[in-house]
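Now for the letters of each chain:
Protein chains: 2
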Amino acid sequence: MKVVDRQVDETQWQEQVIESFVNMVKAQDGDFEVLGKLSMAVSDPASLQMTIDFLSQDPIAKQAFIQRYRLGNVDLQALRLLPENTLGCLYAKHMLEKNLKPLEANTTENEHQYLMAHITETHDIWHVVTGCQTSIQGELKLEAFSAAQLHTSRFWLSLIAKNILKAVVYDIEIAAEYMDIITSGWTMGKNAKPLFGIQWNQLWNTSIEEIRASLNIIV
Amino acid sequence: MKVVDRQVDETQWQEQVIESFVNMVKAQDGDFEVLGKLSMAVSDPASLQMTIDFLSQDPIAKQAFIQRYRLGNVDLQALRLLPENTLGCLYAKHMLEKNLKPLEANTTENEHQYLMAHITETHDIWHVVTGCQTSIQGELKLEAFSAAQLHTSRFWLSLIAKNILKAVVYDIEIAAEYMDIITSGWTMGKNAKPLFGIQWNQLWNTSIEEIRASLNIIV
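Going down the list, the sequences are from chains G and S. Under the numbering used here, the first residue of the first sequence is numbered 1, with each subsequent residue one higher. Under the numbering used here, the first residue of the second sequence is numbered 1001, with each subsequent residue one higher.
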């Protein structure tokens, strides 16, 4: 490909990202179609590879990229019966009480697909482990936490920028609270050990306190 | 004005803010024309009034809104001769060595104009007092510091969102450093005493260490 063609392609791609971002700003919260388009636009091979390289510095994540562990089918009704403070019980309650369906992840035929599938299918476990609610505020904190953990994620960072701009345009009185939350989530994500690649389905019986302590997560 | 007209006006205003934001994202750093248009778009009376009300909780700021102190003409060559660690000498060096002209502020016939004029003409003093350089990173830190100090400033918050989105679109490898800087500047701005309304031209002879200590600024 000629240099000039590449530059045209890159400029087109940048325009697409900005357009997807603006659509997210204008969309209602919880519009998964617009979110999906943003995710597609920002999941370019180059930045995904940077994230994989960054995560692979951790031996657990590196192993996960080789083995490509999946969460598999989860029996929420059974997990619900585990002792109250276990990951399994708390995850089941989180899903059942909020009527959430496990986020569907795609195939994992290569590392890029695995990165996205693992993040997608463990997102609600990250909610429980970090103590982030499913409110706008809780999602924003987890966006900042996830951005810190993944280091070069165009997806999570664009959601942070989106939320700041939404506050600027539609609700300036909430902006300071948002900035506090971003600061808190980013710091938590930097201080915590890597969550990527953990086989959560081996930890359903483990207490949340033990999991948080082992990951250096202070809620 | 009818309710429906007001909603049309508000929607138009929101579109203008988003458009100005996108133009900032696409502009070169240091494009003051595009910056001026963003500033115009986000300086609506309602949010300026919120900022004034927030700042006025501090007696020094409250007094400043009444007296409308101006920085006045500053003789940089004379300030340059003050002892090395004084605010005056450091400010003069900052301006002369970087070949900066004092930012021109408008008239101050009401509180809204005074808010903007004071912030504009003291911006470079805030650089010196907070130890923020004039690099992109230093500006970003001061944006986060200023956003924390002003609490409901659409202007500074939109610049933070702009810088995150620029990193997402054009330079993802710098994003984590940007987030560290935003976290640091926001925290510094929250912990510091209010800078708004200080009569800096009474403090040229005061040492920077004394000023920072009195404002709880740890560089």
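Among the hints, a few may not be true.
Unchecked claim - As a list, the in silico SDA-like pairs of lysine to any residue whose alpha-carbon atoms are at most 20 Å apart:
no.: 1; chain 1: G; residue 1: Lys166; chain 2: S; residue 2: Asn1216
no.: 2; chain 1: S; residue 1: Lys1101; chain 2: S; residue 2: Phe1065
no.: 3; chain 1: G; residue 1: Lys37; chain 2: S; residue 2: Lys1193
no.: 4; chain 1: G; residue 1: Lys166; chain 2: S; residue 2: Lys1101
no.: 5; chain 1: S; residue 1: Lys1098; chain 2: S; residue 2: Asp1029
no.: 6; chain 1: S; residue 1: Lys1026; chain 2: G; residue 2: Glu33
no.: 7; chain 1: G; residue 1: Lys166; chain 2: S; residue 2: Phe1065
no.: 8; chain 1: G; residue 1: Lys26; chain 2: S; residue 2: Ile1172
no.: 9; chain 1: G; residue 1: Lys101; chain 2: G; residue 2: Lys62
no.: 10; chain 1: S; residue 1: Lys1166; chain 2: G; residue 2: Thr108
no.: 11; chain 1: G; residue 1: Lys190; chain 2: S; residue 2: Arg1006
no.: 12; chain 1: S; residue 1: Lys1193; chain 2: S; residue 2: Phe1065
no.: 13; chain 1: S; residue 1: Lys1026; chain 2: S; residue 2: Glu1010
no.: 14; chain 1: G; residue 1: Lys26; chain 2: S; residue 2: Gln1113
no.: 15; chain 1: G; residue 1: Lys166; chain 2: G; residue 2: Glu33
no.: 16; chain 1: G; residue 1: Lys26; chain 2: S; residue 2: Ser1207
no.: 17; chain 1: S; residue 1: Lys1193; chain 2: S; residue 2: Glu1177
no.: 18; chain 1: S; residue 1: Lys1166; chain 2: G; residue 2: Lys101
no.: 19; chain 1: G; residue 1: Lys26; chain 2: S; residue 2: Asp1029
no.: 20; chain 1: G; residue 1: Lys166; chain 2: G; residue 2: Asn23
no.: 21; chain 1: S; residue 1: Lys1037; chain 2: G; residue 2: Lys190
no.: 22; chain 1: G; residue 1: Lys166; chain 2: S; residue 2: Lys1098
no.: 23; chain 1: S; residue 1: Lys1190; chain 2: S; residue 2: Lys1166
no.: 24; chain 1: S; residue 1: Lys1166; chain 2: G; residue 2: Thr11
no.: 25; chain 1: S; residue 1: Lys1190; chain 2: G; residue 2: Asp53
no.: 26; chain 1: S; residue 1: Lys1190; chain 2: G; residue 2: Val22
no.: 27; chain 1: G; residue 1: Lys166; chain 2: S; residue 2: Lys1193
no.: 28; chain 1: S; residue 1: Lys1190; chain 2: G; residue 2: Ile174
no.: 29; chain 1: S; residue 1: Lys1026; chain 2: G; residue 2: Glu15
no.: 30; chain 1: G; residue 1: Lys93; chain 2: G; residue 2: Ala78
no.: 31; chain 1: S; residue 1: Lys1166; chain 2: G; residue 2: Met50
no.: 32; chain 1: G; residue 1: Lys193; chain 2: S; residue 2: Ala1176
no.: 33; chain 1: G; residue 1: Lys190; chain 2: S; residue 2: Lys1026
no.: 34; chain 1: G; residue 1: Lys166; chain 2: S; residue 2: Leu1076
no.: 35; chain 1: S; residue 1: Lys1026; chain 2: G; residue 2: Gln12
no.: 36; chain 1: G; residue 1: Lys26; chain 2: S; residue 2: Ser1184
no.: 37; chain 1: S; residue 1: Lys1190; chain 2: G; residue 2: Gln202
no.: 38; chain 1: G; residue 1: Lys166; chain 2: S; residue 2: Glu1015
It should be emphasised that the hints constitute simulated quantities derived from the structure, not laboratory data.
We went through each hint and held it up to the structure:
no. : hint                    : result
1   : G:Lys166 <-> S:Asn1216  : violated, 31 Å
2   : S:Lys1101 <-> S:Phe1065 : violated, 25 Å
3   : G:Lys37 <-> S:Lys1193   : violated, 43 Å
4   : G:Lys166 <-> S:Lys1101  : violated, 34 Å
5   : S:Lys1098 <-> S:Asp1029 : holds, 16 Å
6   : S:Lys1026 <-> G:Glu33   : violated, 25 Å
7   : G:Lys166 <-> S:Phe1065  : violated, 30 Å
8   : G:Lys26 <-> S:Ile1172   : violated, 24 Å
9   : G:Lys101 <-> G:Lys62    : violated, 28 Å
10  : S:Lys1166 <-> G:Thr108  : violated, 30 Å
11  : G:Lys190 <-> S:Arg1006  : violated, 44 Å
12  : S:Lys1193 <-> S:Phe1065 : holds, 17 Å
13  : S:Lys1026 <-> S:Glu1010 : violated, 25 Å
14  : G:Lys26 <-> S:Gln1113   : violated, 30 Å
15  : G:Lys166 <-> G:Glu33    : holds, 18 Å
16  : G:Lys26 <-> S:Ser1207   : violated, 48 Å
17  : S:Lys1193 <-> S:Glu1177 : violated, 26 Å
18  : S:Lys1166 <-> G:Lys101  : violated, 34 Å
19  : G:Lys26 <-> S:Asp1029   : violated, 26 Å
20  : G:Lys166 <-> G:Asn23    : holds, 11 Å
21  : S:Lys1037 <-> G:Lys190  : violated, 36 Å
22  : G:Lys166 <-> S:Lys1098  : violated, 35 Å
23  : S:Lys1190 <-> S:Lys1166 : violated, 25 Å
24  : S:Lys1166 <-> G:Thr11   : holds, 13 Å
25  : S:Lys1190 <-> G:Asp53   : violated, 35 Å
26  : S:Lys1190 <-> G:Val22   : violated, 30 Å
27  : G:Lys166 <-> S:Lys1193  : violated, 28 Å
28  : S:Lys1190 <-> G:Ile174  : holds, 16 Å
29  : S:Lys1026 <-> G:Glu15   : holds, 9 Å
30  : G:Lys93 <-> G:Ala78     : holds, 11 Å
31  : S:Lys1166 <-> G:Met50   : holds, 18 Å
32  : G:Lys193 <-> S:Ala1176  : holds, 16 Å
33  : G:Lys190 <-> S:Lys1026  : violated, 30 Å
34  : G:Lys166 <-> S:Leu1076  : violated, 41 Å
35  : S:Lys1026 <-> G:Gln12   : holds, 13 Å
36  : G:Lys26 <-> S:Ser1184   : violated, 29 Å
37  : S:Lys1190 <-> G:Gln202  : violated, 42 Å
38  : G:Lys166 <-> S:Glu1015  : holds, 12 Å
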